[in-house]
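**Student:** In case you want the letters, here they are:
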Amino acid sequence: MDLTAIDPLLLLASLMVASTPILLAALGELVVERAGVLNLGVEGMMITGAACGIIFSTLTGNAWLGFAGAALGGLLLSFLFAVLTQLLLSNQVATGLALTLFGLGLSALLGQGFAGTRPPAFPKLDIPLLSNLPVMGQIAFRHDGMVYLGLGLVAAVWYFLTRTRAGLVLRAVGENHDAAHALGYPVVLIRFGAIMFGGACAGLGGAYISLVRVPQWTEGMTAGAGWIALAIVVFAGWKPGRLLLGAYLFGGVTVLQLNLQAAGLAIPVEYLSMSPYVATIIVLVVLAAGRKPGSLGQTFHASR
Amino acid sequence: MTETLLALAGLTKAYPGVIANNDVSLEIAPGEVHALLGENGAGKSTLVKAIYGLVKPDSGAMHLDGQPFAPADPKAARAAGITMVFQHFSLFDALSVAENVALGMERPPPLRDLSARIRDVSDQYGLPLDPTRIVGDLSAGERQRVEIIRCLLQDPKLLIMDEPTSVLTPQEVEILFETLRKLKAEGTAILYISHKLEEIRALCDTATILRLGEVVGDCDPREVSAREMAEMMVGGTLHVPEREAGPEGAVLLTLDHLSAPSPQEFGTPLRDISVEVRAGQVLGIGGVAGNGQDELLLALSGEMAVAPDMVRLRGQAIGHLPPNARRALGLCAAPEERLGHAAAPDMTLTENAALSGKTRKNLVRNGLVDWGGARDFATTIIDRFDVRTPGPENVARSLSGGNLQKYVIGREILQAPDVLVVNQPTWGVDASAAAAIRQAIMDLAAEGTAVVVISQDLDEVMEIADAFAALNAGRLSAPRPARGLTIEEVGLMLGGAHDMEVAHAEA
Chain A
1 MDLTAIDPLL LLASLMVAST PILLAALGEL VVERAGVLNL GVEGMMITGA ACGIIFSTLT
61 GNAWLGFAGA ALGGLLLSFL FAVLTQLLLS NQVATGLALT LFGLGLSALL GQGFAGTRPP
121 AFPKLDIPLL SNLPVMGQIA FRHDGMVYLG LGLVAAVWYF LTRTRAGLVL RAVGENHDAA
181 HALGYPVVLI RFGAIMFGGA CAGLGGAYIS LVRVPQWTEG MTAGAGWIAL AIVVFAGWKP
241 GRLLLGAYLF GGVTVLQLNL QAAGLAIPVE YLSMSPYVAT IIVLVVLAAG RKPGSLGQTF
301 HASR
Chain B
305 MTETLLALAG LTKAYPGVIA NNDVSLEIAP GEVHALLGEN GAGKSTLVKA IYGLVKPDSG
365 AMHLDGQPFA PADPKAARAA GITMVFQHFS LFDALSVAEN VALGMERPPP LRDLSARIRD
425 VSDQYGLPLD PTRIVGDLSA GERQRVEIIR CLLQDPKLLI MDEPTSVLTP QEVEILFETL
485 RKLKAEGTAI LYISHKLEEI RALCDTATIL RLGEVVGDCD PREVSAREMA EMMVGGTLHV
545 PEREAGPEGA VLLTLDHLSA PSPQEFGTPL RDISVEVRAG QVLGIGGVAG NGQDELLLAL
605 SGEMAVAPDM VRLRGQAIGH LPPNARRALG LCAAPEERLG HAAAPDMTLT ENAALSGKTR
665 KNLVRNGLVD WGGARDFATT IIDRFDVRTP GPENVARSLS GGNLQKYVIG REILQAPDVL
725 VVNQPTWGVD ASAAAAIRQA IMDLAAEGTA VVVISQDLDE VMEIADAFAA LNAGRLSAPR
785 PARGLTIEEV GLMLGGAHDM EVAHAEA
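Those sequence lines, one after another, are chains A and B.
The numbering of the first sequence is our numbering, which starts it at 1 and goes up by one.
The numbering of the second sequence is our numbering, which starts it at 305 and goes up by one.
Source of the hints: derived by calculation from the structure; they are not laboratory data.
Owing to the predicted nature of the structure, the values given are computational and were not obtained by experimental measurement.
It is possible that some hints are incorrect.
So these bits of chain A aren't anywhere near chain B, every CB distance computed over 12 angstroms [to be verified]:
#1 L88
#2 A155
#3 L168
#4 G174
#5 L183
#6 Y248
Quick list of the computed label-pair ranges, beta carbon to beta carbon [stated by the list, open to error]:
#7 B:P649 with A:I282: 52 to 60 angstroms
#8 A:I282 with B:E490: 20 to 28 angstroms
#9 B:S363 with A:R291: 43 to 51 angstroms
#10 A:Y271 with B:P432: 57 to 65 angstroms
Derived EDC-like pairs (lysine to aspartate or glutamate); straight-line CA-CA distance at most 20 angstroms [said to hold, decoys possible]:
#11 A:K292 with B:D509
#12 B:K360 with A:D178
#13 A:K292 with B:D369
#14 A:K239 with B:D397
#15 A:K292 with B:E527
Even for Gly, the Cβ is constructed at its ideal location relative to N, Cα and C.
Throw the hints in and build the complete structure from the sequences for me.
**Tutor:** So this is what it looks like as structure tokens:
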């Protein structure tokens, strides 16, 4: 075993990259759940985003357009979920599970011709000055644009939810949809918006796996990342700041255990593989969860 | 009065199978307190929802200040100067007072300015309120203040209040009335919905009485008696429950220093409750909602286990026993929430009868349900308690509130319990059904059952109870004989007004 083979700077740098897919997907789901909707289809929307990302970036030759296509793919899939649960009043849990199964199948179909193709390279931003900083430069300022977009979105969502009128209305809809309706707020419309934002974010997260992390298309390549995103939303108590912590923790332990595996640590690989899940759950549970939105997962019907 | 603020002419609204409002006309002048009276289902709520833009009438016209008025949604109504305080509070538990107020306004100022304005208005009208508190932690009276202040901040021309006093102590009601009189003096019209007739006589200038969706009369509530108004509402004479007071028997139920944390978030823990209930006695427990009523029922019914000695039945410790074991020993309970707690909404009346009655009515044999026996039991309840339903195969959800309440109370009474505990037995039930339920409870007591009635309706408690005790912040006062107790004394027992003060003359 050779622990000196692990470079701590490289480890911290790759932590940010490894966390980004889950961070993006979880952030979208956080907004959806704060609006009172439980969409269990995150995994399906992520894998569809991963396939759409490969398709669009290969066809256009531009990774950014690939991400845009992935967001669109995830958004369309979530639109389907919104129509079923908000207009046709279907059960959210069952519909979300169906969405995951549907997404897995759809992405396999879409990606058939693209197995093995390498997507166009996604350039890293070399931020002038900052990237030349001694330690921090290597850790934090030599990543690609999506890493920073993810961080920016966390800040934007936090600001939106806690500081803006629209965010207050969205929280109100999630807290008590009957009262929000009685005050004249368009519950269904607001939830449509939130669900589609969640879909687009999940699509971006999926595309980050297929365009940057791997980067190529394989069937079922998200491998449960969507479920981890869902769990992180709950354990983070529906708060964006803690969500960032949870996602980085998960990404960090993932990277660490891969490095430990490579270094030949004398612990069975299975234990190392499960460590990110265990560590994330333990830490976020110890931090004590927040209160879930009052109307989460309930079907709203303006019957009275 | 010459001026008219709001005029309704020929308003009609029909839902499938029922006409909620039929050709309703009324006029409200500025500075007038106008009462809207009627039984449940008389169409009061539908009518005010039409004014507030939540319901679109099928025909008829509304005029506000002489202009045609047809609000498409509550925002349009608020913009026109109409605000509403809802019967079931339209508040968000997890949000702060200021955020809740902001949600009810069209263009709220930044939260910091809004907090200052909330403090101003709450001082001016004698309704103290801290804008930063989380609404879920407030008492019922304080929650109502949030709603009222939300309305006042918009300088309304018309304030609609839907059953505002049902959750308040008598002192809090008096303070509310002071606030409303002050608003009236400032020229604000108030449309006041209630079925508490004495309050209407104390507060209102005119009353419009609805029955089955139609206006059946107008009156000046200061000039007619409460009984006359009640009979206009019901459309007949009202039967007042009565019973002969029997001799009191042995102590059946004992609560001994009962303390327990609340199982619910934002709930009230029970604190050191000690009381005895004798055979044939009705103990009335009054109190404002959220002072531990639900928790007390859970502790008595067995849904919440407590230390064995804290609850005793005929001297036997039963605090640790679950509901069915308590039923077997003779303690039955009927909780407040009909749909989802007292009855399973999507199961038939027969199934609901079997769920509660299986132990005492021997409806389970060798692990199999005796459906014939369950159906007989359900049919007996329906016959004896005049439950209006086509038959026991209907689901609980299909019954109206009053009928289902008669069913769930009747189900427990017909199990001939030694001790019966009921919470809000006539909540949301119309006057004649309420009278029938109260009579049934009193008949049961006359046969030697110890009865505990938890209710927020003080008139009800005073009518049927032998002894009265008040529940305040999870503590129970010492019981006092109900006869001869005045409403002021009751109010003081309830803890009086929770840090409320009468409006300053001119603050």
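**Student:** Compare the structure with the hints numbered earlier in the document and write down the numbers of the violated ones, lowest to highest.
**Tutor:** Violated: hints 3, 4, 5, 7, 8, 11, 13, 15.
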